[in-house]
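Protein chains: 2
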Amino acid sequence: MQSKIEKYRFTVEPFHVDFTGHLFLGVLGNHLLNAAGRHSHNRGWGIDQLNEVQYTWVLSRLSIELTEMPAQYEHVEVETWVESVMKLFTERNFLIRNADDGHIYGYARSIWAMIDVATRQPSNLLELKDGDILNYVIPADEKPCPIAKYRPARPASEPAVRTIDTYYSDVDINGHINSIKYIEHILDLFPREQFAGHHLCRFDIAYKAESYLGDTLTFICQAADDLTPRNPSTAYDIVIRKNVGAPEHPEGDSIIQAKVSWM
Amino acid sequence: MQSKIEKYRFTVEPFHVDFTGHLFLGVLGNHLLNAAGRHSHNRGWGIDQLNEVQYTWVLSRLSIELTEMPAQYEHVEVETWVESVMKLFTERNFLIRNADDGHIYGYARSIWAMIDVATRQPSNLLELKDGDILNYVIPADEKPCPIAKYRPARPASEPAVRTIDTYYSDVDINGHINSIKYIEHILDLFPREQFAGHHLCRFDIAYKAESYLGDTLTFICQAADDLTPRNPSTAYDIVIRKNVGAPEHPEGDSIIQAKVSWM
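Heads up: the protein sequence lines correspond to chains A and B, in order.
So the first sequence is numbered by our numbering: it starts at 1 and just counts up by one.
So the second sequence is numbered by our numbering: it starts at 1 and just counts up by one.
With the rest of the complex left out, here is chain A (with noise of 0.2 Å):
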């Protein structure tokens, strides 16, 4: 029987590093996602097997908590595994280690929908290919993900820090932003002394809807006040609103949240 877990390697490339000589977190977060295009994929769960069926993955939010970022020219390597199913969410975990002397960086957390392609309602996973993911599940007792789950960010309504347009780089297959490109858009807010100067430690998003090309992005940015003695780090809540401005619906859309957290 197919392993339950995914093993998928990769090199930090010099272009995908930043000025400090560490990955990107949205390069990251493309391996994180590629990964568990190949897990489902090779269990028979993979979009392009789905789209046959009028299925498709759509992610929800994503965490990713880092004591290390990889650096230029590491090999690194991703575990990917299924921790839970719900009727209409699945939990779907990484770990990050050095491919090399197997130390780990750092793990992140997923949460995934199944939507139907025509209608882009939530389908029953549960119901699906006769329950068939339930033989993929490891539960947290026997494969642990030692990090916190999706921390929420305050939906802040100021202060408005950035409004930018998108543009065609900004697009994936599908007409959407996409989900990687937020993440760079976040990262951009911080001033180049943040990254020289902090550990970017920790790093939750949520999306929560889509945005197209042409669409303006509205980037509201405040400090968080969840710190406690158990959680040192310095950490801003970040939301995204399309479309601010618009005559008919001036105060837009709420897209995405978002809690960057830094030590």
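Don't read these hints as lab results, they were simulated from the structure.
Mixed in with the good hints, there may be bad ones.
[Said to hold, decoys possible] With a cut-off of at most 20 Å between alpha-carbon atoms, the simulated EDC-like pairs for lysine to aspartate or glutamate come out as follows: (1) Lys-181/A <-> Glu-13/B; (2) Lys-149/A <-> Glu-74/A; (3) Lys-7/A <-> Glu-91/A; (4) Lys-181/B <-> Asp-188/A; (5) Lys-181/B <-> Asp-253/B; (6) Lys-149/A <-> Glu-83/A; (7) Lys-181/B <-> Glu-13/A; (8) Lys-181/B <-> Asp-172/A; (9) Lys-143/B <-> Asp-165/B; (10) Lys-129/B <-> Glu-83/B; (11) Lys-143/A <-> Glu-251/A; (12) Lys-181/A <-> Asp-172/B; (13) Lys-4/B <-> Glu-184/B; (14) Lys-7/A <-> Glu-65/A; (15) Lys-181/A <-> Asp-188/B; (16) Lys-7/B <-> Glu-77/B; (17) Lys-181/B <-> Glu-79/A; (18) Lys-143/B <-> Glu-77/B; (19) Lys-181/A <-> Glu-184/B; (20) Lys-7/B <-> Glu-142/B; (21) Lys-181/A <-> Asp-132/B; (22) Lys-181/A <-> Asp-141/A; (23) Lys-7/B <-> Glu-65/A; (24) Lys-4/B <-> Glu-83/B; (25) Lys-7/A <-> Glu-13/B; (26) Lys-181/B <-> Asp-165/A.
[What the hints assert, rightly or not] Using C-beta positions, here's what the derived DEER-type ranges look like: (27) Lys-4/A <-> Val-161/B: 46 to 56 Å; (28) Asp-165/A <-> Pro-139/B: 45 to 55 Å; (29) Pro-191/A <-> Lys-149/B: 40 to 50 Å; (30) Gly-175/B <-> Lys-149/A: 52 to 62 Å; (31) Lys-208/A <-> Thr-163/B: 27 to 37 Å; (32) Thr-11/A <-> Lys-143/B: 25 to 35 Å; (33) Lys-149/A <-> Lys-129/B: 47 to 57 Å.
C-beta atoms are modelled at their ideal positions from N, C-alpha and C, and glycine is treated no differently.
Place chain B on chain A using the hints.
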């Protein structure tokens, strides 16, 4: 003896395709640079090896010509080799084919200089390592690259069609705006309809000077008037100037010239 041709394979990943389902040109450019890096490294001329002796490669010009752009999930093989070496420049070519059925998507040409990291001055390639680089040259009659050499853009001065700020995600390990990001920003000047209705058949870019995180980039774009019966494409000449409007130097500096050709 080491072969003179390096082969490099990649798969067109889901997040690396545009809304038409074809590879982003910037991602292809990244793969070409990776192939170049691997070719150099495997022959003792890698940046990591050269840095120990205080030299580094600088990309000066890149021209990519494609009859077709690879599509999602396709397997691509890049061949790269050195066509010539002059005192201060070397010409490196690329062939881009489908790794499964062998059909050729297109070719690319590039020109590189070797600079001294300390002085930023170009070095004499023929004197380094006792002229070892000549061992890797394949003349054009032995290994043809059937596309035109770099087609220069006219140094237009107007109209400026967009000015953007640069952020964290734009910058590479050297603190420079990265070569691939310029390609993305240039293509982002074109509307959706351009990509939906035309094939980007050729892209020429000359890297003339560096820019840095926080510089503004002003894009000047005009239709090229170099169309001939043998060249029926629609081309645009693009110049990027940095920091236009700065009080001490309001005209800014020209840092990039590019020509984008569509069929």
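Here is how each hint holds up against the structure:
1. Annotation: proposed proximity of Lys-181/A to Glu-13/B holds, straight-line Cα distance about 15 Å (limit 20 Å).
2. Note on Lys-149/A and Glu-74/A: the hinted pairing is violated, with a Cα-Cα distance of about 28 Å set against a maximum of 20 Å.
3. This hinted pair checks out: Lys-7/A and Glu-91/A have alpha carbons roughly 17 Å apart, not beyond 20 Å.
4. Of the pairs offered as hints, the one joining Lys-181/B and Asp-188/A holds, with about 14 Å between alpha carbons and a cut-off of 20 Å not exceeded.
5. For the given pair, Lys-181/B sits about 18 Å from Asp-253/B by alpha-carbon distance, which is consistent with the 20 Å threshold.
6. Among the hinted pairs, Lys-149/A with Glu-83/A is consistent with the structure: their alpha-carbon atoms are about 12 Å apart, no more than 20 Å.
7. A C-alpha spacing of about 15 Å is found between Lys-181/B and Glu-13/A, which places the hinted pair at or below 20 Å, so the restraint holds.
8. Straight-line distance between C-alpha atoms of Lys-181/B and Asp-172/A comes to about 17 Å, which keeps the hinted pair within the 20 Å bound.
9. Using a Cα cut-off of 20 Å, the hinted pair Lys-143/B and Asp-165/B is violated, with the two alpha carbons roughly 42 Å apart.
10. Annotation: proposed proximity of Lys-129/B to Glu-83/B holds, straight-line Cα distance about 19 Å (limit 20 Å).
11. Our distance criterion of 20 Å between C-alpha atoms is broken by Lys-143/A and Glu-251/A, whose separation comes to about 44 Å.
12. Note on Lys-181/A and Asp-172/B: the hinted pairing holds, with a Cα-Cα distance of about 17 Å set against a maximum of 20 Å.
13. Distance hint between Lys-4/B and Glu-184/B is unfulfilled; the C-alpha atoms sit about 31 Å from each other, more than 20 Å.
14. Distance restraint check for Lys-7/A and Glu-65/A: the Cα-Cα separation of roughly 19 Å lies within the 20 Å cut-off, and the hinted pair is therefore satisfied.
15. For the proposed pair Lys-181/A and Asp-188/B, the alpha carbon gap of about 14 Å is at most 20 Å, so the pair holds.
16. A threshold of 20 Å between alpha carbons decides the hint, and for Lys-7/B with Glu-77/B the separation of about 7 Å falls inside it, so the pair holds.
17. Simply put, Lys-181/B and Glu-79/A have alpha-carbon atoms about 30 Å apart, too far for the 20 Å limit, and the pair is violated.
18. With a CA separation close to 16 Å, the supplied pair Lys-143/B and Glu-77/B stays within the 20 Å bound.
19. Straight-line distance between C-alpha atoms of Lys-181/A and Glu-184/B comes to about 13 Å, which keeps the hinted pair within the 20 Å bound.
20. Only pairs whose Cα atoms come within 20 Å are accepted, and Lys-7/B paired with Glu-142/B is accepted, the gap being roughly 17 Å.
21. Only pairs whose Cα atoms come within 20 Å are accepted, and Lys-181/A paired with Asp-132/B is rejected, the gap being roughly 43 Å.
22. Distance restraint check for Lys-181/A and Asp-141/A: the Cα-Cα separation of roughly 34 Å exceeds the 20 Å cut-off, and the hinted pair is therefore not satisfied.
23. Proposed proximity of Lys-7/B and Glu-65/A is contradicted: the alpha carbons are some 36 Å apart, above 20 Å.
24. The suggested pairing of Lys-4/B with Glu-83/B holds, with an alpha-carbon distance near 10 Å, which does not exceed 20 Å.
25. Among the hinted pairs, Lys-7/A with Glu-13/B is consistent with the structure: their alpha-carbon atoms are about 17 Å apart, no more than 20 Å.
26. At roughly 16 Å between alpha-carbon atoms, Lys-181/B and Asp-165/A fall within 20 Å of each other, so this suggested pair holds.
27. Separated by about 52 Å at the C-beta atoms, Lys-4/A and Val-161/B satisfy the suggested range of 46 to 56 Å.
28. For Asp-165/A paired with Pro-139/B, a C-beta distance near 47 Å keeps the hint of 45 to 55 Å intact.
29. A C-beta distance of roughly 41 Å is found between Pro-191/A and Lys-149/B, which places it inside the suggested range of 40 to 50 Å.
30. At about 37 Å, the CB distance of Gly-175/B to Lys-149/A disagrees with the hint of 52 to 62 Å.
31. Between Lys-208/A and Thr-163/B the C-beta distance comes to about 31 Å, which sits within the given range of 27 to 37 Å.
32. At roughly 27 Å, the beta-carbon separation of Thr-11/A and Lys-143/B lies within the given 25 to 35 Å, and the hint holds.
33. Lys-149/A and Lys-129/B have their C-beta atoms about 55 Å apart, which keeps the hinted 47 to 57 Å range intact.
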